[in-house]
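**Student:** Residue numbers (this note's numbering): 226 to 511.
Hints were generated in silico from the structure; no laboratory data involved. These numbers were taken from a predicted model, which means no experiment stands behind them. Hints may contain errors.
Unchecked claim - With a straight-line cut-off of 20 Å between C-alpha atoms, the simulated DMTMM-like cross-links for lysine to aspartate or glutamate are:
{"hint": "1", "residue 1": "K510", "residue 2": "D484"}
{"hint": "2", "residue 1": "K457", "residue 2": "D472"}
{"hint": "3", "residue 1": "K444", "residue 2": "D472"}
{"hint": "4", "residue 1": "K455", "residue 2": "E430"}
{"hint": "5", "residue 1": "K335", "residue 2": "D324"}
{"hint": "6", "residue 1": "K306", "residue 2": "D324"}
{"hint": "7", "residue 1": "K510", "residue 2": "D385"}
{"hint": "8", "residue 1": "K465", "residue 2": "E490"}
{"hint": "9", "residue 1": "K347", "residue 2": "E293"}
{"hint": "10", "residue 1": "K262", "residue 2": "E230"}
{"hint": "11", "residue 1": "K454", "residue 2": "D472"}
{"hint": "12", "residue 1": "K242", "residue 2": "E293"}
{"hint": "13", "residue 1": "K457", "residue 2": "E487"}
{"hint": "14", "residue 1": "K381", "residue 2": "D356"}
{"hint": "15", "residue 1": "K327", "residue 2": "D292"}
{"hint": "16", "residue 1": "K228", "residue 2": "D356"}
{"hint": "17", "residue 1": "K455", "residue 2": "E408"}
{"hint": "18", "residue 1": "K306", "residue 2": "D292"}
{"hint": "19", "residue 1": "K381", "residue 2": "D472"}
{"hint": "20", "residue 1": "K335", "residue 2": "E345"}
{"hint": "21", "residue 1": "K262", "residue 2": "E408"}
{"hint": "22", "residue 1": "K497", "residue 2": "E430"}
{"hint": "23", "residue 1": "K482", "residue 2": "E421"}
{"hint": "24", "residue 1": "K384", "residue 2": "E360"}
{"hint": "25", "residue 1": "K502", "residue 2": "E319"}
{"hint": "26", "residue 1": "K229", "residue 2": "D428"}
{"hint": "27", "residue 1": "K444", "residue 2": "E487"}
Unchecked claim - Beta-carbon label-pair distances, calculated as ranges:
{"hint": "28", "residue 1": "L255", "residue 2": "K381", "range": "28 to 34 Å"}
{"hint": "29", "residue 1": "L448", "residue 2": "E500", "range": "24 to 30 Å"}
{"hint": "30", "residue 1": "E438", "residue 2": "G468", "range": "49 to 55 Å"}
{"hint": "31", "residue 1": "G471", "residue 2": "Q425", "range": "54 to 60 Å"}
{"hint": "32", "residue 1": "G391", "residue 2": "D331", "range": "36 to 42 Å"}
{"hint": "33", "residue 1": "S350", "residue 2": "Q508", "range": "27 to 33 Å"}
{"hint": "34", "residue 1": "E230", "residue 2": "Y268", "range": "37 to 43 Å"}
{"hint": "35", "residue 1": "N241", "residue 2": "Y371", "range": "38 to 44 Å"}
{"hint": "36", "residue 1": "A400", "residue 2": "L277", "range": "38 to 44 Å"}
Glycine included, each C-beta is placed from N, C-alpha and C at the ideal position.
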Amino acid sequence: MDKKEYIIRQLGRTKNKKYEAYVVSRIIHLLDDFSVKFVTQQYVMRPEGRALTDLFFPQLGLHVEVDEGQHFVADNIKADKIREADIVNTTGHEILRVDVTKSFEDINNKIGNIVQRIKELKNQSVFVPWDIDSEFSPDTYIKLGYIVVSDNVAFKTIKDACNCFGHNYSGYQRAGAPHPDSEVMLWFPKLFPNGEWNNQISDDEEIIFEKNEDAEKAKEHFLSHLNNKKHKQKRIVFAKVKGNLGDTLYRFRGLYKLDTQESNENIGLVWKRIERKVQTYPQPKC
């Protein structure tokens, strides 16, 4: 997907919400700067569950919310304040709001202020222009020297994720791969019911539960990981997910360690996140 296709598809996601479509498209067109990436309908982690914001600028840590009439019902006002506080406290991001119940002039003035704020944030930070190709390239993270959860890193293929850790695969489809550290493996799980497996991740992404639905296989899997040293106790996780535009991605979740005390044959293996940032490794020279 090139930048043109990405932008058109992102704007298209607002087509069934007329006020949101107007606000988002006017912001993007007035900004007229495609070195700044934007995401519509962005999921954001909260202490319990997730929130969905209308427009997000990941390089700037800025969200825009479009408030229609239902947002000003008493119960919704309170819920919005709690939701906004959760997002700010969890991410440190800024949230700007557009009240579309006001006059057309007021709406456009607010949009103009938001565009100005975006430009200010860009000028105030060490800004890295958006490059859609490098965003998904292993070379980007090998040169950087690390991958961190807060950067929302994802790859289009398993082999691209593997190649951040000293591999030079032209193709790779397995759920696990070796890591330069012999105590660690790379893991590409489906964290949702899938056949006989029912792997789950907690709302805060701190815990992964790995379980087979077949009782005998679950017991065997549990005992094997506790008693067989060939199974690694630490895993760098790239979970298979649907991207913002419906494409398949492998998103970095962090480094997890097996909790042998919490794991059992009934709930399965319990993996707890111990690091949000991991080192990358250059590919070996021929």
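**Student:** Against the structure shown, which of the earlier numbered hints fail to hold, in ascending order?
**Tutor:** The structure breaks hints 1, 2, 3, 4, 8, 9, 11, 21, 23, 25, 26, 30, 31, 32, 34 and 36; every other hint is satisfied.
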